[in-house]
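Residue numbers (the working numbering), protein chains in the order written: chain A, 1 to 427; chain B, 1 to 134.
In case anyone wonders, no lab produced these hints; they're calculated from the structure.
All clues given are correct.
A few chain B residues facing chain A, derived, Cβ under 8 Å:
no. : residue
1   : Ile23
2   : Ala41
3   : Tyr42
4   : Thr103
Bear in mind the structure is a predicted one, so any value in this text is a computation, not a measurement.
No residue lacks a Cβ here, since even glycine has one placed at the ideal position from N, Cα and C.
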Amino acid sequence: MIPVHALLQVVDRQAPITGYTTYIVFSIIKLIIVFTIYMLSAALLTLAERKISAWIQGRHGPNRVGGRGGWLQPAADGVKNFMKEETEPGNASHPLFSIAPALSFVPAMLVWCVIPFGSPLPTPWGRVDLVVADLPVGFLFILAIASLGVYGIVLAGWASNNKYSFLGGLRSSAQMVSYEVALGMSTIPIILLAGNVTMSEIIRQQSHSMWNVLNLTTAFVVFFVAALAENNRVPFDLPEAESELIAGYHTEYSAMKFSLFFIAEYANMVTAGALMATLFLGGWDIPFTGWDNAAPYTVLKTILTLGCFLTKTGFFVFVFIWIRWTLPRFRYDQLMSLGWRVMLPVALGYIAVLATTLLVLQAIGIHPGPVHSFILLMENICILLLLFVMVDEGRIVSPAYGRAQQARIVRLRARSASRAVTEGAGK
Amino acid sequence: MAREYFPVLLLLGFVVMNAVLIIGVSALTIRKRPTPVKRAAYESGIPAIGDARERFSVAFYMIAMLFIIFDIETVFMIPWAAAFRQLSCSAELVGGMCPAGSTSFFGLGEMLIFMAILVVGFVYVWKKGALRWD
Numbered sequence: 001m002i003p004v005h006a007l008l009q010v011v012d013r014q015a016p017i018t019g020y021t022t023y024i025v026f027s028i029i030k031l032i033i034v035f036t037i038y039m040l041s042a043a044l045l046t047l048a049e050r051k052i053s054a055w056i057q058g059r060h061g062p063n064r065v066g067g068r069g070g071w072l073q074p075a076a077d078g079v080k081n082f083m084k085e086e087t088e089p090g091n092a093s094h095p096l097f098s099i100a101p102a103l104s105f106v107p108a109m110l111v112w113c114v115i116p117f118g119s120p121l122p123t124p125w126g127r128v129d130l131v132v133a134d135l136p137v138g139f140l141f142i143l144a145i146a147s148l149g150v151y152g153i154v155l156a157g158w159a160s161n162n163k164y165s166f167l168g169g170l171r172s173s174a175q176m177v178s179y180e181v182a183l184g185m186s187t188i189p190i191i192l193l194a195g196n197v198t199m200s201e202i203i204r205q206q207s208h209s210m211w212n213v214l215n216l217t218t219a220f221v222v223f224f225v226a227a228l229a230e231n232n233r234v235p236f237d238l239p240e241a242e243s244e245l246i247a248g249y250h251t252e253y254s255a256m257k258f259s260l261f262f263i264a265e266y267a268n269m270v271t272a273g274a275l276m277a278t279l280f281l282g283g284w285d286i287p288f289t290g291w292d293n294a295a296p297y298t299v300l301k302t303i304l305t306l307g308c309f310l311t312k313t314g315f316f317v318f319v320f321i322w323i324r325w326t327l328p329r330f331r332y333d334q335l336m337s338l339g340w341r342v343m344l345p346v347a348l349g350y351i352a353v354l355a356t357t358l359l360v361l362q363a364i365g366i367h368p369g370p371v372h373s374f375i376l377l378m379e380n381i382c383i384l385l386l387l388f389v390m391v392d393e394g395r396i397v398s399p400a401y402g403r404a405q406q407a408r409i410v411r412l413r414a415r416s417a418s419r420a421v422t423e424g425a426g427k
Numbered sequence: 001m002a003r004e005y006f007p008v009l010l011l012l013g014f015v016v017m018n019a020v021l022i023i024g025v026s027a028l029t030i031r032k033r034p035t036p037v038k039r040a041a042y043e044s045g046i047p048a049i050g051d052a053r054e055r056f057s058v059a060f061y062m063i064a065m066l067f068i069i070f071d072i073e074t075v076f077m078i079p080w081a082a083a084f085r086q087l088s089c090s091a092e093l094v095g096g097m098c099p100a101g102s103t104s105f106f107g108l109g110e111m112l113i114f115m116a117i118l119v120v121g122f123v124y125v126w127k128k129g130a131l132r133w134d
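Given only the sequences and the hints, what does the whole structure look like? Please build it.
Right under this line is the structure:
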């Protein structure tokens, strides 16, 4: 029974929704709309990926289905995947093989529900917050659910009983857990600044002072790299390195089960973009104006902030695709080394440095504001320069061939020579 | 308030339903015509030798164990970070700000000690070569 009278009550448009039924109804509406948009954007991203790659490589890309733009290509692919024959290795473990795509799909579609995507919308039934669930533990929820995605991948690799899949699954699990540590630690500075783990509070803090990308640039860099690795995107796409592992963990998957992995991958990409926009670029905040954050809320503000959020998210997604078609792939030992020996110490050290800075600024009486942000920005620039020089080791700044110190080259050669000998002796 | 968590449950149900629906509908629409070759594991056209589930490098276990340690450290840091403003102030906060002259280094000191212990472990692991992958 739908309690119609509860929906027809006229209340203050600016007041938060109080009625339980109204709240549930609006939750369901938001949920279905956002879910649909997510599925659609995942489908369109497969087209965007091909179009952008074609553009970068000077090709045409899909241009047959649905006019010159190839707009109907995702739909054609979807239909094809529903009709295609599905193969399954005879010695795979059937239950796990079937359940793994779903295990990968569900967390990917669940994560975004705590990300706010616009300023509150006034309706005749009260103010609707444009977020599916504004959890008080929003941030922890994202970390927790996003890490569940690794189960689907590992199980897919193991269940296929194929050596490529198995290696892909193993690599993927080690990579995802390694970078998750750096990812988690790079978000502690945000919480230090905001003093809260609710997503809407993090956005409010940024709109009142400065976007975190300027306050916490170092954390942003670490987060961005870790997010690329978490999504198995180039240059960290070792789990599905085509030249080594065919397609990695989904080598044996075909038809709709493969599609589920595919959708999950692109949904994760959108989520990563949305997350970066929310945590570092102020979410739906329109830059250089406080107009969008203040009451009264209007439909116009909602539309503009929504557009702003989509632009920021789209920008990050575009950068992800751009990177994929520009950079080569890491070697696996380089990947692990970067994750544990560079990203983790940097993230950990930055927490200590930032906490100290915040305390010192507080002690000398500088409160959050332009000066506060400026000092943090300067500190970040110094840290990043230092970091760049350390990681670069003279490879980009000076040409690769001559300027590494002669003693260092000799040392490296000696080390690799001794390693080759011991490896040979081991066999 | 518990009502914020309700949409998450709704969404979970909705997403699980969708996943089951996609796999279910595709099971109805596809036609399986297995042959012995199709049912073999795809290993670049070479007949598969043995089982894929063999022993693998111990380094993967090591990474998993290290992950648990460091991830728990991260989780411990989150409440500290959220409460940092109050921890670094010996008086009550006034409008989210610490009154002048009552800065306390208690919160920072505690976390630095915690981090120092963490770093000792990290250096040990590094020197032991657990992070080297070759």
